[in-house]
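A.B. asks: So the chains spell out like this:
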Amino acid sequence: MSYSDYLIRRAIQAIPVLFGLSVLIFTITRVIPGDPVRLAMGPDVADEQVDAFREEMGLNEPLHIQYVEWLSGVFQGQWGLSLRTGNNVLFDIITRLPATFELVLVALGFAIVLGIPFGVIAGTNKDHWQDHASRITALFGVSMPRFWVGILLQVVFVGMLGLMPLQGRIDGNPPPHTTGMYLIDSALALQWATFVDAATHIAMPAFALGLATLAQIMRLIRSDMIEEARKDYIMAARASGIPQNLIHYKYMLRNAFTSSLTVIGLAFGFLLGNAFLVETVFAWPGMARYGVQAIINQDFNAIVGVVIVVGFAYVVANFVVDVLYGTLDPRVRLRQGGE
Amino acid sequence: MSNPLLEVKDLHVEFDTYDGTAQVINGIDLIVERGETVAIVGESGCGKSVTVKTILGLLPEADISQGEILYKGENLLELSDAKRHARRGKEMSMIMQNPMSAINPVFTVGEQMLDVLKWQGQHRVGITDWVRDKFRSEAELRERAIDMLEQVDISAPERVFESYPVELSGGMRQRVLIAIALLLEPDFLIADEPGTALDVTTEANILELLDDIVEEHDTSVLYITHDLGVAREISDQLNVMYAGEIVETAPTETLFEDPQHPYTRGLLESIPQLSRGIGAGIPGKLPDYTDPPTGCRFADRCPHAETECREVVPHLRRTEPEHAAACHLFEGDPHLDRHQDAVTEFPYIGPPPWQADTDETEVDVR
Chain C
4 MSYSDYLIRR
14 AIQAIPVLFG
24 LSVLIFTITR
34 VIPGDPVRLA
44 MGPDVADEQV
54 DAFREEMGLN
64 EPLHIQYVEW
74 LSGVFQGQWG
84 LSLRTGNNVL
94 FDIITRLPAT
104 FELVLVALGF
114 AIVLGIPFGV
124 IAGTNKDHWQ
134 DHASRITALF
144 GVSMPRFWVG
154 ILLQVVFVGM
164 LGLMPLQGRI
174 DGNPPPHTTG
184 MYLIDSALAL
194 QWATFVDAAT
204 HIAMPAFALG
214 LATLAQIMRL
224 IRSDMIEEAR
234 KDYIMAARAS
244 GIPQNLIHYK
254 YMLRNAFTSS
264 LTVIGLAFGF
274 LLGNAFLVET
284 VFAWPGMARY
294 GVQAIINQDF
304 NAIVGVVIVV
314 GFAYVVANFV
324 VDVLYGTLDP
334 RVRLRQGGE
Chain Z
1369 MSNPLLEVKD
1379 LHVEFDTYDG
1389 TAQVINGIDL
1399 IVERGETVAI
1409 VGESGCGKSV
1419 TVKTILGLLP
1429 EADISQGEIL
1439 YKGENLLELS
1449 DAKRHARRGK
1459 EMSMIMQNPM
1469 SAINPVFTVG
1479 EQMLDVLKWQ
1489 GQHRVGITDW
1499 VRDKFRSEAE
1509 LRERAIDMLE
1519 QVDISAPERV
1529 FESYPVELSG
1539 GMRQRVLIAI
1549 ALLLEPDFLI
1559 ADEPGTALDV
1569 TTEANILELL
1579 DDIVEEHDTS
1589 VLYITHDLGV
1599 AREISDQLNV
1609 MYAGEIVETA
1619 PTETLFEDPQ
1629 HPYTRGLLES
1639 IPQLSRGIGA
1649 GIPGKLPDYT
1659 DPPTGCRFAD
1669 RCPHAETECR
1679 EVVPHLRRTE
1689 PEHAAACHLF
1699 EGDPHLDRHQ
1709 DAVTEFPYIG
1719 PPPWQADTDE
1729 TEVDVR
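Sequence lines, in order, name chains C and Z. To convert a position in the first sequence, counted from 1, into this note's numbering, add 3. To convert a position in the second sequence, counted from 1, into this note's numbering, add 1368.
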């Protein structure tokens, strides 16, 4: 089996995963106690009207019938109505997803771009001040709740220094809609003022969201770099006169990066679903906040929709990680090919 | 006087451990003449690898408390990191012991060879240089690398150049290691038991290849091995090392004709031979480096040890013009200049019993 066959098989495996996830979450949202329709319509509405609405939503049907109807709707773009907003859930998600997606991407970008070099520096200066500084940063990053980091940033950079906008995605007009991600849209439209506007808005929430992941990546890279430094091939590379920084950033990092790659893949899905506190603190109109509000209101169609999207993101991120494993480490690629 | 390529003088190397300071190398002296192959023989853990890695400066955590490493007359220990690094690969280079672990698994052989050719000796690669390099033609360097692979008898050098280490056999990888070490034709090569991780036939081939190629390039070699048989094949001068000290040194032939130090004799006896079966070996194990014995470090395992051996350090003494042993069983002038003063204090407990058996008149020499 070649490596590409292996990847195709991995991709196909994603289908039953998503199917199972949808069954599970669909059932759970409908069997948990509470009356979402009553909750949505308020206490003043007459019982007859509530019953009629319930009938209209198809909630009196047996569960499996409901599921089949829902599933056939999903493929036609009809993800069910949100009890809270009254919109098609798909529409609600599509309008909010890009904001969260952009936030998570920038947060991961922070985590990767800063976490890797910091980890390399800490690992190659073990027990020196760089290492201690990284250890303290990591402890701070992992132990501080994300929303608390967000509030601290607001206090310092908005309250005390007045450097950054407090919240929201943008002050001026949003760029023309292409992807829904303001940074990309404004860059595509060459509106640099808008780009800077969006960038200053996203900087703090993204940093707050990504700090813990940054800390994780930094510590993983550090310990893997220390491990790598003991390898024979690293000593051999030094003995053959290869420059120090090339050894660190090429010969050691390529090997030390693998476990961080796993963390990055998992963090992508995790942040997408867990960004809601940061989104709340920064009034970020994103999907994670929508998902949490859906849970609070027992807005079951919205819950299912959000969970499916996050689940899909997990699956895609881990597939990408699998592809990258093979690219980074020929042993993965070749071993799959040999067996 | 002679002008050796490498001269190690009174080298002491210590490591800080949780149990205290480990005195792993305790004052060793080595000379490698130009074009000569010098072997260091000793059991695992006796400090052979530490010695050579210290010469190359590959052990940043080691504390070199004393000594000099003179290479072409320059004390390497006084050079800056950058200057030392500039010598690695080009002036002196090393073949690692285990071919399975000494090539980076995630890059092709070719890429690793090209990196040596492109960047050897630079302390750091500048970003601009690195970017500029991406646009440069590699054809010429590639040809040099492939030529080197051919020299180590790799029959499909083009294919090996493109291969990842996992795709190559152990013998192939060992050849690749030799090719990388000799890529820039260093004057001085350190070989840390190449081939021992391979099967016997492959090992023999590799040794033969190394011998030829070293002769062709007129490279001086410091060869480390635990195998006296290999050392006899390959070396001109032989140093026997025990617990961080050189206990016997002589031209290879002389040493095999008349092994003097009890440890050397023990090593020779422990070589398995078809006619005699598996050798007796030497009972006991290496001393604790954090708390080494005050006298002879070998005394606890030595069948001929007397009380004096445990009290007085036996410095190397010249037992014959070109032969020195560090043992109180022998008399002779101090082999090293720095031991001239200690001469009168040597206790003499000889002659060695194996000589006494054959030649009784020697008993009264004292």
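Bear in mind the hints are in silico, worked out from the structure with no lab data behind them. Think of the CB as a built atom: it goes at the ideal place given N, C-alpha and C, for glycine as much as any other residue. Any given hint could be a false lead.
[To be verified] For the chain Z half of the interface with chain C, some residues (derived, Cβ under 7 Å), not all of them:
| hint | residue |
| --- | --- |
| 1 | 1474 |
| 2 | 1489 |
| 3 | 1496 |
| 4 | 1568 |
| 5 | 1569 |
[As the list claims (entries may be wrong)] List of simulated lysine-lysine pairs, PhoX-like, C-alpha gap at most 25 Å:
| hint | chain 1 | residue 1 | chain 2 | residue 2 |
| --- | --- | --- | --- | --- |
| 6 | Z | 1458 | C | 253 |
| 7 | C | 129 | C | 234 |
| 8 | Z | 1451 | C | 234 |
| 9 | Z | 1451 | C | 129 |
| 10 | Z | 1421 | C | 253 |
| 11 | Z | 1653 | C | 253 |
| 12 | C | 234 | Z | 1377 |
| 13 | C | 253 | Z | 1440 |
| 14 | Z | 1440 | C | 234 |
| 15 | Z | 1458 | Z | 1421 |
| 16 | C | 129 | Z | 1421 |
| 17 | Z | 1377 | C | 253 |
| 18 | C | 234 | Z | 1421 |
[What the hints assert, rightly or not] Pair ranges (Cβ atoms, derived):
| hint | chain 1 | residue 1 | chain 2 | residue 2 | range |
| --- | --- | --- | --- | --- | --- |
| 19 | Z | 1527 | C | 167 | 43 to 49 Å |
| 20 | C | 138 | Z | 1619 | 35 to 41 Å |
| 21 | C | 233 | Z | 1524 | 53 to 59 Å |
| 22 | C | 11 | Z | 1507 | 49 to 55 Å |
| 23 | C | 7 | Z | 1503 | 35 to 41 Å |
| 24 | Z | 1503 | C | 176 | 39 to 45 Å |
| 25 | Z | 1413 | C | 148 | 48 to 54 Å |
| 26 | Z | 1389 | C | 233 | 18 to 24 Å |
| 27 | C | 129 | Z | 1389 | 37 to 43 Å |
| 28 | Z | 1690 | C | 233 | 52 to 58 Å |
| 29 | Z | 1524 | C | 142 | 49 to 55 Å |
| 30 | C | 138 | Z | 1401 | 56 to 62 Å |
| 31 | C | 319 | Z | 1503 | 31 to 37 Å |
A.B. asks: Please work out if residue 1377(Z) and residue 253(C) have their alpha carbons no farther apart than 25 Å.
C.D. replies: Given pair residue 1377(Z), residue 253(C) is violated - Cα atoms ~37 Å apart, limit 25 Å.
A.B. asks: Is the gap between the beta carbons of residue 7(C) and residue 1503(Z) within 35 to 41 Å?
C.D. replies: violated, 30 Å
A.B. asks: Closer than 7 Å between Cβ atoms is the bar; does residue 1489(Z) clear it against chain C? Give me holds or violated.
C.D. replies: Constraint on residue 1489(Z) satisfied, holds at 5 Å.
A.B. asks: Check the following: the C-beta atoms of residue 233(C) and residue 1524(Z) are separated by a distance inside 53 to 59 Å.
C.D. replies: Roughly 33 Å apart at Cβ, these two residues miss the hinted range, so it is violated.
A.B. asks: So if I understand the rule, the pair passes when the alpha-carbon distance is 25 Å or less; does residue 129(C) with residue 1421(Z) pass?
C.D. replies: With Cα atoms ~21 Å apart, residue 129(C) and residue 1421(Z) stay inside 25 Å; holds.
A.B. asks: Between residue 11(C) and residue 1507(Z), does the beta-carbon spacing fit 49 to 55 Å?
C.D. replies: With Cβ atoms ~37 Å apart, the hint is violated.
A.B. asks: Evaluate the given range 48 to 54 Å for the C-beta pair formed by residue 1413(Z) and residue 148(C).
C.D. replies: Given about 51 Å between the Cβ atoms, the range holds.
A.B. asks: Min Cβ distance, residue 1569(Z) to chain C: is it shorter than 7 Å?
C.D. replies: This interface hint is violated because 24 Å lies over the 7 Å limit.
A.B. asks: Are the Cα atoms of residue 129(C) and residue 234(C) separated by 25 Å or less?
C.D. replies: holds, 16 Å
A.B. asks: Given the hinted pair residue 234(C) and residue 1421(Z), is their Cα-Cα distance within 25 Å?
C.D. replies: Answer holds: residue 234(C) to residue 1421(Z) is near 14 Å, not above 25 Å.
A.B. asks: CA of residue 1440(Z) to CA of residue 234(C), is that 25 Å or under?
C.D. replies: Since the Cα atoms of residue 1440(Z) and residue 234(C) sit roughly 30 Å apart, the hinted pair is violated (cutoff 25 Å).
A.B. asks: With respect to the beta-carbon atoms only, verify the hint that residue 1503(Z) and residue 176(C) lie 39 to 45 Å apart.
C.D. replies: Holds, since residue 1503(Z) and residue 176(C) (Cβ atoms, about 42 Å apart) stay within the stated range.
Comparing the model with each numbered hint stated earlier shows that hints 3, 4, 5, 11, 12, 13, 14, 17, 19, 20, 21, 22, 23, 27, 28 and 30 do not hold.
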